[in-house]
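> Guided by the hints, dock chain W onto chain F, whose structure is given.
There are 2 protein chains.
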Amino acid sequence: MTRQARLRLEPQTGCALRLDRGHTLRVRSPTGEQVADVVAFAAAPAADAGGGGDPDEWLSSGRTFDYGTSIYVGTGSILYSNRSTPMLTVTADTAGRHDFLLTPCSEEMFERLYGVAGHPSCLGNLAAHLAPFGIPAGRIPTTLNLFMVVTPDPATGRITIGVPSSRPGDHVDLRAEADLIVGVAACSAELTNNGTLKPIEVEVHDPVHYDGGASP
Amino acid sequence: MTRQARLRLEPQTGCALRLDRGHTLRVRSPTGEQVADVVAFAAAPAADAGGGGDPDEWLSSGRTFDYGTSIYVGTGSILYSNRSTPMLTVTADTAGRHDFLLTPCSEEMFERLYGVAGHPSCLGNLAAHLAPFGIPAGRIPTTLNLFMVVTPDPATGRITIGVPSSRPGDHVDLRAEADLIVGVAACSAELTNNGTLKPIEVEVHDPVHYDGGASP
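Sequences listed follow chains F and W, in order. Sequential numbering of the first sequence, starting at 1, is according to the numbering used here. Sequential numbering of the second sequence, starting at 1, is according to the numbering used here.
Here chain F stands alone, though its shape is the one from the complex (with noise of 0.2 Å):
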């Protein structure tokens, strides 16, 4: 497996990008203790390499609790997309808890809970990355919430979220089982990584097309 991009997500920073069928993403987290927000589309049916996403077929948590049996994803965990396809295997974890029940971070968040206006979010930078690959804002589903841990309480469902789970350089490979458009988010919020906003390297394993870079 030859590496053939790096991208490095500045703190509350996002990007998007193309991911061919076979070839692995990798979220690596170089300080430790920070949560990268991951979603997924299908490619457009008809797309060539510079094309679009179908903002139909999505990363669905629901269908991979389903079919896994769990709400936790690591090694050998299958991620399917609302229609039964699978979109990504986990090839590698070396952090071993992550979080999909959670929606990313969004400026509405910030405003409902703490009263902050304007706050940078993980919906916001995943939406302005993939915006430009046909995915509007409002198709952004549930989040693939790496190194996030979030633990519910089975007899009342309260959910408590903990430090994150990675340390430094800990990461999670992403294989695609289908042509993908993927957004990947440092995460944005204070609260969640332990009180420090820290950034995210992202790798492309095989040939691979880009959306250039990180955002400022």
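Wrong hints could be hidden among the right ones.
[Said to hold, decoys possible] Pair ranges (Cβ atoms, derived):
#, chain 1, residue 1, chain 2, residue 2, range
1, W, R112, F, T91, 17 to 23 Å
2, F, G134, W, A137, 15 to 21 Å
3, W, G96, F, R8, 45 to 51 Å
4, F, E10, W, P132, 43 to 49 Å
By construction, these hints were calculated from the structure, which means they are not laboratory data. Ideal placement from N, C-alpha and C gives every residue a C-beta, glycine not left out.
Chain W in isolation, oriented as in the chain F frame:
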């Protein structure tokens, strides 16, 4: 609260209707041990009483989990859209346990898990009834699966599916906090409903416009 409409959903059927802000949808299990899948979309901004839904604003399990700090919903829970808009409030719940983790059963699910082709499904029934409101099948998110009991193990993430929580006559009341297009299906999966497929009753309290009845 006056009952304005009642639909009986025969086993393995669905319906969709417009639910105006302030009006209440009651979903009732006359027999018990039967799951009902519920989904909602914002009514399109300029819609009149016969208008459609906005496929970009939909009931979001992830937002609801985040704001409610729980994966379970019950009396008092507010159900949010992907845009952080309150869509529905649970104003009554005589059963006590519901699922918001899993996607509606689909033809592809029956094929993948059981090798059965052409099985009736909640996704199919919801899609058929939401289509006249301008909502394509590919926009249907994780549904609120009333009376379905799905319990995760916090250590492993493993989920178990139990017998539905409903006893004969149990119901859930959902008050609309915005103008909505709502879909309901009497779940089509034998194993999820303790082996037999049963009807679901849908009532609307206060004036409402709906699409004419349950599917055949």
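> Out of the numbered hints, which ones does the structure contradict?
none
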